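Based on the sequences and whatever the hints tell you, model everything.
Those protein sequences? They're chains A and B, same order as listed.
Using the numbering used here, the first residue of the first sequence is number 1004, and each one after it goes up by one.
Using the numbering used here, the first residue of the second sequence is number 3, and each one after it goes up by one.
No lab work stands behind these hints: they were computed from the structure.
Just to be clear, a hint being listed does not mean it is correct.
Examples of chain A residues lying across from chain B (beta carbon under 10 Å, computed) [what the hints assert, rightly or not]:
#: 1; residue: M1004
#: 2; residue: Q1005
#: 3; residue: F1033
#: 4; residue: S1034
#: 5; residue: Q1051
#: 6; residue: I1055
#: 7; residue: F1070
#: 8; residue: S1071
#: 9; residue: N1108
#: 10; residue: D1155
#: 11; residue: Y1158
Within a straight-line C-alpha distance of at most 25 Å, the following computed DSS-like cross-link-like pairs (lysine-lysine) qualify [said to hold, decoys possible]:
#: 12; chain 1: B; residue 1: K70; chain 2: A; residue 2: K1012
#: 13; chain 1: B; residue 1: K37; chain 2: A; residue 2: K1189
#: 14; chain 1: A; residue 1: K1059; chain 2: B; residue 2: K70
#: 15; chain 1: B; residue 1: K70; chain 2: A; residue 2: K1063
#: 16; chain 1: B; residue 1: K37; chain 2: A; residue 2: K1056
#: 17; chain 1: A; residue 1: K1012; chain 2: B; residue 2: K73
Chain B side only, calculated, beta carbon under 8 Å to chain A, not exhaustive [unchecked claim]:
#: 18; residue: S13
#: 19; residue: L14
#: 20; residue: I43
#: 21; residue: K49
#: 22; residue: V51
#: 23; residue: F54
#: 24; residue: L61
#: 25; residue: T64
Since we're looking at a predicted model, the values are computed, not measured.
From the three backbone atoms N, C-alpha and C, an ideal C-beta is built for every residue, glycine too.
Here is what each chain is made of, one letter per residue.
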Amino acid sequence: MQDKEIIEKILEGQQDLYSYIVDKYKNKVFSIIYSFCGQTGDSEDIAQNVFIKIFKALPKFKFESEFSTWMYRIVINESITISKKNKQYIIPLNVNSENADESKNNLINLLKSKDNIEKQLIQQETQQIVQTAIKQLNDKYKTVLTLRDIEDFSYEEIAQIMNVSTGNIKILIFRARNRLKEILIKGDNL
Amino acid sequence: MDCNKIQELISLYLDNELSSQEVMELEKHFDVCNKCKQDYIALKNIKAVLSFNRKEVGLDFTSSLMCKIKKEKFSNNIISFGSMKKKIIIAAGFLFVFASSVIFIDTNKISINKQTFQTYEHAIEYYESYDEDIDDYAEYEEYMLSMLY
Ligand SMILES: [Zn+2]
Chain A
1004 MQDKEIIEKI LEGQQDLYSY IVDKYKNKVF SIIYSFCGQT GDSEDIAQNV FIKIFKALPK
1064 FKFESEFSTW MYRIVINESI TISKKNKQYI IPLNVNSENA DESKNNLINL LKSKDNIEKQ
1124 LIQQETQQIV QTAIKQLNDK YKTVLTLRDI EDFSYEEIAQ IMNVSTGNIK ILIFRARNRL
1184 KEILIKGDNL
Chain B
3 MDCNKIQELI SLYLDNELSS QEVMELEKHF DVCNKCKQDY IALKNIKAVL SFNRKEVGLD
63 FTSSLMCKIK KEKFSNNIIS FGSMKKKIII AAGFLFVFAS SVIFIDTNKI SINKQTFQTY
123 EHAIEYYESY DEDIDDYAEY EEYMLSMLY
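The structure is reproduced here in structure tokens:
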């Protein structure tokens, strides 16, 4: 069954069918929220609340776009709002962790030298450094990189979700990656 | 091809968005320009590190969510006073859009104006369906404005 058919049935009263939608998108939605909000608060709880908001907003869905496009817009707007609320709880790494400097240097060397990075090489602290670096990006950059590199959406899908042309998406992704590289390698604000 | 042009292509190369002709030119450049090659490696690794950020929810995510939704249905009929305030703010938002459209048409920036409107329409759609603090709207409006300027 297509998403739109399921949504129609949910709106007709078969609300249990919403579980199909949730199952289909839960990991993607969760990953977006995690990318924006990181470990501030319980990301799973936040994801559930976002799904509840989407559920309540279903009567506003006009069936003009793909359901997923409409849904991801809500998820991104919600993630941005939550990440702004939680800003004060972000602890700067260099103050908090003794190993942060070492991890940072390791990560920089890894990024510059290794031809193919493997997940096993990335320690938890270095993951946190990347997380902190993503947080330094503006909302547009954060959104394109999350959708492209974490969610693996195509340029066209991202363009639809963000409501801009694919040409603009290409430029945004190029700029966002270079900005992230600057932050990570020059160590700005980390 | 000069390095500036190459820099623009690297990002597209990472996403397999280049023609075979462009790929050849890019790889030829990497053979002779170490700086661009290093940049490519760094960006490729950053992309890889980002992909490690994919997460999965726990096993009972959907079932516990559906329970929450069933519980919420009983308290759905309570009309909050906040929604009235929201409507006033939304009306103000429309006025803002109208006012800004006049400015934008004046300066021949109609396409930007169109996007503003769509975004606000979305903002309205979004906020009408929520039962949260009015503070949210101010934050959202601030965010939308920051996207524009
Ligand atoms: Zn070069």
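Worksheet entry | chain B contact restraint on M1004/A - CB to CB distance below 10 Å | violated, 17 Å
Practice prompt. Quickly compare the C-alpha distance for K1059/A and K70/B to 25 Å and report which way the hint goes.
Written response: holds, 12 Å
Discussion item. Take the shortest C-beta to C-beta distance between L14/B and chain A; is it under 8 Å?
Written reply: Hint holds; L14/B Cβ to chain A Cβ min 7 Å, cut 8 Å.
Practice prompt. Identify whether the interface hint at Q1005/A stands, where standing means a beta carbon of chain B within less than 10 Å of its own.
Written response: violated, 19 Å
Fill in: Minimum beta-carbon distance criterion (10 Å), I1055/A to chain B
holds, 6 Å
Practice prompt. Hold the hint about S1034/A up to the distance rule: shortest CB distance to chain B must be less than 10 Å.
Written response: holds, 5 Å
Practice prompt. Grab the minimum C-beta distance from L61/B to chain A and call the hint holds if it beats 8 Å, violated otherwise.
Written response: Constraint on L61/B not satisfied, violated at 11 Å.
Item to complete: Grab the minimum C-beta distance from N1108/A to chain B and call the hint holds if it beats 10 Å, violated otherwise.
Response: Since chain B brings no Cβ nearer than about 15 Å to N1108/A, farther than 10 Å, the hint is violated.
Worksheet item: Once the shortest beta carbon distance from F1070/A to chain B is found, is it less than 10 Å?
Response: Interface hint status for F1070/A: violated (14 Å vs cutoff 10 Å).
Discussion item. For the restraint on T64/B, tell me whether the closest CB of chain A is nearer than 8 Å.
Written reply: holds, 5 Å
Fill in: Straight-line alpha-carbon gap K1012/A to K73/B, limit 25 Å
Holds, because 20 Å separates the two Cα atoms, which is no more than 25 Å.
Discussion item. Let's test the interface hint: is any C-beta of chain A closer than 8 Å to that of K49/B?
Written reply: At about 5 Å, which falls below the 8 Å cut-off, the nearest Cβ of chain A leaves the hint on K49/B intact, so it holds.
Of the numbered hints listed earlier, those contradicted by the structure are 1, 2, 7, 8, 9, 16 and 24.
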